[in-house]
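Given chain A, work out where chain B should sit, using these hints.
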Amino acid sequence: MKLRTLVLGLCSASALAFAAHAESITIATVNNGDMIRMQKLTDDFTSKNPDIQLNWVTLEENVLRERVTTDIATKGGQYDVITIGNYEVPIWAKQNWLLALDNLGADYDVDDLLPAIRGGLSVDGKLYAAPFYGESAMIMYRTDLMEKAGLKMPDKPTWEFIGDAARKMTDRAAGINGICLRGKAGWGENMAFLTAMDNSFGGRWFDEKWQPQFDQPEWKDTLDFYVKLMKDAGPEGASSNGFNENLTLFQQGKCGMWIDATVAASFVSDPKNSTVADKVGFAIFPSKEGVDNHGNWLWSWNLAIPASSQKAEAAEKFVSWATSKGYTELVASKEGWASAPPGTRTSLYNNEEYKKAAPFAGPTLAAMDAADITKPSVKPVPYTGGQFVAIPEFQGLGTTVGQLFSAALAGQSSVDDALKQAQDAATASMQEGGYLQ
Amino acid sequence: MARAVTNRHKTIVTIAAWIVALLIFFPILYTIVTSFKSEQEAIAGFNLIPSGTLESYTAVEEQSGYFRFFLNSVILSVGSTILALLVAVPAAWSMAFSPTKRTKDILMWMLSTKMMPAVAVLFPIYLIFRDWGLLDSRIGLTVMLMLINLPIVVWMLYTYFREIPGEILEAARMDGATLWGEIVYVLTPMAVPGIASTMLLNIILAWNEAFWTIRLTTINAAPLTAFISSFSSPQGLFWAKLSAASTLAIAPILIMGWFSQKQLVRGLTFGAVK
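Residue numbers (the numbering used here), protein chains in the order written: chain A, 1 to 437; chain B, 438 to 711.
Just chain A, with the same shape it has in the complex (with noise of 0.2 angstroms):
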């Protein structure tokens, strides 16, 4: 007896002592369910490397942004691994804000990110965060619905294709609306929508020479057919919609199409939430007719470490783990190939048990792959990003517009309104930071 309590003993003070030692790192990041799934397989990591052990931080995305910023900009060093997305990768990385990824492993295999992904959180040839989840957008549409209205989806539709099959599938009677887009108001809400839209209708948010194109025929075009098609065919009150709203809407059969990001496909065909799992179909996001551009919406979830970290070697080391094809096949092996994290290897969709388990694995690819980020419009223009515009003043000038756009949506505002205060708005954000002379 005395001899087990010693030994029990012992084995308590060497794991205080062990626990004294280890290293902790603190991680950053959004409540989405890939990250969720990632905290909880955690145990793979520090099993593998014991002297680290990890804090995490889950926050509202907006706060996460708020405070990762603050804390950057003061170097609070809170935070070793940091949750964000590819628009602030660029624009930190050449402020000095973040730490180059050199050290991911023999065995990263950083060639097999997909290239779109990859480019998108390169600074002069370095990577500076690793992809944890992509995404691009597409159409989401029922099957059963385009059948009833008579039509089918073309592999490459156009605006005026989905405009006509959405009036044809609504059915406001029976609680179907023909078509769900965003129209909640904000930079990553219905402005990642409605600049993706524009883009493929051929529009761009500058000129060569910074100046705002909002006084342009092709934005014109745009929202007229957006506040048109959506009065006609959306739901009601869809300038309160966001992802999630219009998601529920889709999943409870109420919506004919929907047209988000690719990663929605896994959850309207997901039997356990989605009533309408087995009669979704997918095509690739709508252009105009005679436009060849669909949209270039491209978006990750990527992992970053700041240069404040002061565990930037064991902050890598998690970074490589979350990141890597081995983490891929950990969450196949513990939830099934359709939960592994799309959107950032090649491999992954050359893997024929995940094309199996994931039949939008085909659709979210051909999205991504057509995705072009240094070049969002028909048009040259002097900035990168797809459904945003790499600039540091785009979060607060897209939100503006985003507020007057969903304003035009509510029919609180003129279209034509709408676009003239976006075009002052613009000009003046454009003179405040000196991109106009």
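Keep in mind the hints are simulated off the structure, nothing from the lab.
Misleading hints may appear alongside valid ones.
Stated by the list, open to error - EDC-like mimics (lysine to aspartate or glutamate), calculated; alpha carbons at most 16 angstroms apart, straight line:
(1) K148/A to D124/A
(2) K272/A to D573/B
(3) K126/A to D102/A
(4) K279/A to E147/A
(5) K325/A to D111/A
(6) K379/A to D292/A
(7) K355/A to E329/A
(8) K254/A to D144/A
(9) K220/A to E208/A
(10) K75/A to D568/B
(11) K40/A to D573/B
(12) K152/A to D164/A
(13) K75/A to D573/B
(14) K317/A to D164/A
(15) K40/A to E498/B
(16) K272/A to E478/B
(17) K325/A to D112/A
(18) K48/A to E313/A
What the hints assert, rightly or not - Which bits of chain B does chain A cover? Going by a derived footprint, with three or more residues having C-beta under 8 angstroms, they are:
(19) 475 to 481
(20) 564 to 578
(21) 648 to 661
Don't be surprised by glycine CBs; every beta carbon is placed ideally from N, CA and C.
Using the frame of chain A, we list chain B on its own:
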């Protein structure tokens, strides 16, 4: 006739009070109801009858340890309240019983600091916390919460102290009471209802403070406001889980408020009727 009018008046006032109370309480009630729904039910539309599932509570507990956040909330709210009272009682005493011609100005200035948007001083405060090693520390946040609530505490105590006749304190002085004895043995016991209600209100304010508690903490000092914030999701359904997290966060303060409501009301109406 007069009695009938009085009774009718009482009934109308009672009904109106109930309606107002229900309107105020309804968001909390609906949060609690939603926490017992599935995510699909939560977003399906207005419905006051939940299916009674506990899946959101299970998910919330699995995802993040509630107790750690709860403990921090208790330490921060109680700690900041005790600190605030230690500073505010002498301050309010001097303003109430030894006023100068600038006392009113000082009180107004103290109150005006509450009108400043917190975000305006985020960067300076963050830099001070960083340089003094106070980021994510309970001590730093306790002092911060004490400072932001101090104007209200001083104002409330000043109002209560003003109701106490100065002659009583004079009598104590004539009996040989020291300054310390006057405050501790004469003033404080007489102002117990006021101090108690100030204390309770300050605990509630500190418990619910969400700007600084989220921005100055990460792991060690994060209270329940940070716990709630972690359940909002940009991609995926979260209303039921967020409601469960909110219910768990507000439950302790609701229970405390329920048991101390008599004390609170007594304190808040102290001196209202002479």
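Task: Unsatisfied constraints (hint numbers, rising) - done: 1, 2, 9, 11, 14
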